[in-house]
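Q: Make the full structure from the sequences, and use the hints.
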Amino acid sequence: MEKIVNERVREEYFRLKHKSGATILLYPMKKYSTAYALFGTKYGSVDTTFKTNADEDFVTVPEGIAHYLEHKLFENDECDAFQLYAKTGASANAFTSFDKTAYLFSCSQKFEENLEILLNFVQEPYFTDETVAKEQGIIGQEIRMYEDDPGWRVFFNCLQALYHKNPVRIDIAGTIESIAKIDKDLLYRCYNTFYNLNNMVIAIAGNFDVDKTIEICDRLLKPSEDPGLQVIVPDEPLTVKEKRTVQKLSCAIPLFNIGFKFPAYEGAERYRNFIIYNILMEMCLGKNSDFYNTQLEKGIINDTFNVGVFCGRGYFTVIADGESRNPDAVMEEVTKELYRIKQEGLNEEEFITIRNMTYGDLVACFNNVESVATNMLDYEINGIGIYDGIEIAATVTFEDIKKALAEMDIDNSSISIIEPVE
Amino acid sequence: MENIINRRELAKGVYFGSITDSRYKKNFISVCFYQQLSEETATENAIVPYILANRNAVYPTYKQLKNKLSTLYSSKIATSSGRKYDLNFNGLTAYFLDDVYALSGEKITDEITDMLVNCIFNPLLEDGCFPEKVLGLEKPLLIDDIESVINDKRSYAINNAVKLLCENEPFGVAAEGNADKARALTPADAFRAYKRMLHNTHCEIMCVGCNDFERVAEKFADAFSKVERTDISDYSLKISPIKEQVKEYTERLSVNQSKMVLGLKTHSDDMAALVMLQKIYGGTTTSKLFMNVREKLSLCYYCAASYNDVKGIMLVDCGVENDNIEKARAEILHQLDEIKNGNITDEELEHARMAVQNSYNSIGDSAHGVAGWYIDHIIKDKIETPAQALEKYLAVSKERIVEAAKSMVLDTVYVLTSLENDGKEQD
Numbered sequence: 001m002e003k004i005v006n007e008r009v010r011e012e013y014f015r016l017k018h019k020s021g022a023t024i025l026l027y028p029m030k031k032y033s034t035a036y037a038l039f040g041t042k043y044g045s046v047d048t049t050f051k052t053n054a055d056e057d058f059v060t061v062p063e064g065i066a067h068y069l070e071h072k073l074f075e076n077d078e079c080d081a082f083q084l085y086a087k088t089g090a091s092a093n094a095f096t097s098f099d100k101t102a103y104l105f106s107c108s109q110k111f112e113e114n115l116e117i118l119l120n121f122v123q124e125p126y127f128t129d130e131t132v133a134k135e136q137g138i139i140g141q142e143i144r145m146y147e148d149d150p151g152w153r154v155f156f157n158c159l160q161a162l163y164h165k166n167p168v169r170i171d172i173a174g175t176i177e178s179i180a181k182i183d184k185d186l187l188y189r190c191y192n193t194f195y196n197l198n199n200m201v202i203a204i205a206g207n208f209d210v211d212k213t214i215e216i217c218d219r220l221l222k223p224s225e226d227p228g229l230q231v232i233v234p235d236e237p238l239t240v241k242e243k244r245t246v247q248k249l250s251c252a253i254p255l256f257n258i259g260f261k262f263p264a265y266e267g268a269e270r271y272r273n274f275i276i277y278n279i280l281m282e283m284c285l286g287k288n289s290d291f292y293n294t295q296l297e298k299g300i301i302n303d304t305f306n307v308g309v310f311c312g313r314g315y316f317t318v319i320a321d322g323e324s325r326n327p328d329a330v331m332e333e334v335t336k337e338l339y340r341i342k343q344e345g346l347n348e349e350e351f352i353t354i355r356n357m358t359y360g361d362l363v364a365c366f367n368n369v370e371s372v373a374t375n376m377l378d379y380e381i382n383g384i385g386i387y388d389g390i391e392i393a394a395t396v397t398f399e400d401i402k403k404a405l406a407e408m409d410i411d412n413s414s415i416s417i418i419e420p421v422e
Numbered sequence: 001m002e003n004i005i006n007r008r009e010l011a012k013g014v015y016f017g018s019i020t021d022s023r024y025k026k027n028f029i030s031v032c033f034y035q036q037l038s039e040e041t042a043t044e045n046a047i048v049p050y051i052l053a054n055r056n057a058v059y060p061t062y063k064q065l066k067n068k069l070s071t072l073y074s075s076k077i078a079t080s081s082g083r084k085y086d087l088n089f090n091g092l093t094a095y096f097l098d099d100v101y102a103l104s105g106e107k108i109t110d111e112i113t114d115m116l117v118n119c120i121f122n123p124l125l126e127d128g129c130f131p132e133k134v135l136g137l138e139k140p141l142l143i144d145d146i147e148s149v150i151n152d153k154r155s156y157a158i159n160n161a162v163k164l165l166c167e168n169e170p171f172g173v174a175a176e177g178n179a180d181k182a183r184a185l186t187p188a189d190a191f192r193a194y195k196r197m198l199h200n201t202h203c204e205i206m207c208v209g210c211n212d213f214e215r216v217a218e219k220f221a222d223a224f225s226k227v228e229r230t231d232i233s234d235y236s237l238k239i240s241p242i243k244e245q246v247k248e249y250t251e252r253l254s255v256n257q258s259k260m261v262l263g264l265k266t267h268s269d270d271m272a273a274l275v276m277l278q279k280i281y282g283g284t285t286t287s288k289l290f291m292n293v294r295e296k297l298s299l300c301y302y303c304a305a306s307y308n309d310v311k312g313i314m315l316v317d318c319g320v321e322n323d324n325i326e327k328a329r330a331e332i333l334h335q336l337d338e339i340k341n342g343n344i345t346d347e348e349l350e351h352a353r354m355a356v357q358n359s360y361n362s363i364g365d366s367a368h369g370v371a372g373w374y375i376d377h378i379i380k381d382k383i384e385t386p387a388q389a390l391e392k393y394l395a396v397s398k399e400r401i402v403e404a405a406k407s408m409v410l411d412t413v414y415v416l417t418s419l420e421n422d423g424k425e426q427d
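Chains A and B supply the protein sequences, listed in that same order. Residue numbers for the first sequence follow the working numbering, so the first one is 1 and each next one is one higher. Residue numbers for the second sequence follow the working numbering, so the first one is 1 and each next one is one higher.
The calculated lysine to aspartate or glutamate pairs, modelled on EDC-like cross-linking and capped at a C-alpha distance of 16 Å, are:
| no. | chain 1 | residue 1 | chain 2 | residue 2 |
| --- | --- | --- | --- | --- |
| 1 | A | 212 | A | 113 |
| 2 | A | 30 | B | 21 |
| 3 | B | 76 | A | 361 |
| 4 | A | 342 | A | 290 |
| 5 | B | 296 | A | 135 |
| 6 | B | 133 | A | 297 |
| 7 | B | 63 | A | 290 |
| 8 | B | 296 | A | 130 |
| 9 | B | 12 | B | 234 |
| 10 | A | 87 | B | 346 |
| 11 | A | 134 | B | 295 |
Covered stretches of chain A (chain B as the covering partner; in silico rule of three or more C-beta atoms under 8 Å from a C-beta of chain B):
| no. | region |
| --- | --- |
| 12 | 24-33 |
| 13 | 105-115 |
| 14 | 128-136 |
| 15 | 139-149 |
| 16 | 302-313 |
| 17 | 351-360 |
These aren't lab readings, by the way, just hints derived from the structure by calculation. Yeah, the Cβ is synthetic: ideal placement off N, Cα and C, and Gly gets one too.
A: Following this line, the structure appears as structure tokens:
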């Protein structure tokens, strides 16, 4: 077990590659009353085509199956996990994102009992035709809910405009049609492929006992062989698929996402670029910038305008989003401003300001057990440690930022717009 | 770990509360002015925090203020406004990293407190009023904010349901105001609202973090000592009257999924039993609504109940396929009848007790949680710790929950549905 210490936040945690294959991250925070635990797998909506050593051929599964599996894993042959947690009072949930699925609980009592529930149900799938069918209605309503959400739609329409083939372009929950193709055999195949402990991480933060936790993991984690998992990430052209996409929905003011497509980065390089491009974009377009203040005064944007990096396995983008009565004018002004800065250069004083801001935001993430546990899982799945972000932010140089701007292809962009229905 | 609040009166009607806890790396200071919520003043009150948060006489532009905040490790001064029961609160909240985490020894707390004091007491003025140009900048942001409520259909439905549920009550008024009134606001209107807050309304300053906040108290005491505080307006919180007939309302929009909100009311004073009722009925993932409307009948992705103790209101809201609206409504009411008929298992009661225990014991772990708790209890004028409240909830018997359920009356049904759906007509 490795102890990882950081002098800047004056804290430490433990990382253990467990004999079962799982990676375990333990961050005791003794003054807290609660503990927050996640059991996650590197399996998200983008993992649609895959095989293991045991399979002859690659299989492509219906869109939305990782999310469907998350819903169904809560049930075993007697009851669902919520009923087990109800006996301890823990607050439990799960989520599926583009590149991971995680099951979690938060509790102020009976931590060890809750951990046993979590480790047990995630390792015991139970799917029948009947229980799989029952979920169609519930997930169907979840999909409908997102169809009416302009903020969600404008984002996915942007990803669909940026990407030709990468499955990041598909909705995490799939569609009413795609989920109709899901059956218990497909769920078992996905489960057996991705819920192998070699592909999984346990992240716990807060008030818990490290030794007892390891004892429970030793007892309940079932040793698993590395299955030789291969996931196909389709060859993605560097160029965007469409320059502009428009949808009409019930909303007051048009919403927009302006996306810039970058080559995909992997592992530690991806996270470093995540920090660098976030700093660069804050400097160019963020709330401190001349751009933001000028366009706000002109009424082209309002205070919902925001810019940041969105990235993961096989995709890396910068997205500027917000509301505007004239989204095409925002696109024009953003492009013009980036070209202007590329030509006239960045300001080093502004860089120091934004770097301090980024550092402050990252330190603040250690303020509560939930964000510590969630970030540990997220960072581990991305191949780095939870303190790496702070170190990058504290040591990134002005030269790094200038280089990033020089490498950015400003024209490789798309705009997605949601207009109000008449 | 139990947090204890220190609270004292700094000036007439101005209270300073602080909670020091070494767990938090960030501090926050919230300064809010409270008054009775009313249609007449909501919009002019709502613009004030926008004007104050983004500049002051020392940092006259947003860019200057924002740059200073960013240099101080992403400190923020944000608007705080909204509705709390029958009250309208407006003010500012500052968030900042504690001094011990500064990379170069900056006195973050002192600097942020000075900036916050300047935003509130030393705003940018022109001829003794807010500048026309500033109003021109902030007004469109308030208008967009008011109009964008429709983007989130779940909150939009709940807001509209509450308006109908509490017609002619302060709680039925939208605290963010009205877009047409916002368009008509003048600098004089906004300045009048600002002066009213500063001189004539109740003020709560709440600080939470690892700091001891004594310097903050001194700075605010000094600032308020220079302000005349007279005729501090009184306010009241009232339970919502129950309509004689159920009010039904259907609104049509271009949507894929319908939203239904059932507004129930009670005049029971057994609040502890009502809190437990909410948990058993629709407050957890093993509640009757979750287990039946979602899990058994697969009608909804979400179907939950929330309880407002001051107003005596329980809201049940769900997203549902247009064709299943009536089926969902029947099941939601049927589950309440089940409780009224005494159908609560020992297991359900035990689950509800465990759930409240878990959530009340967790409050102290977040600075926001603990601040929210105390602000809420200060406004209700009954300060107690989460542990004291918990003790009352755990003592509630099944019989008291059944009685609490029997006191619930359906008052208002609001449905948001698609343009094509042939449901009930708008009344």
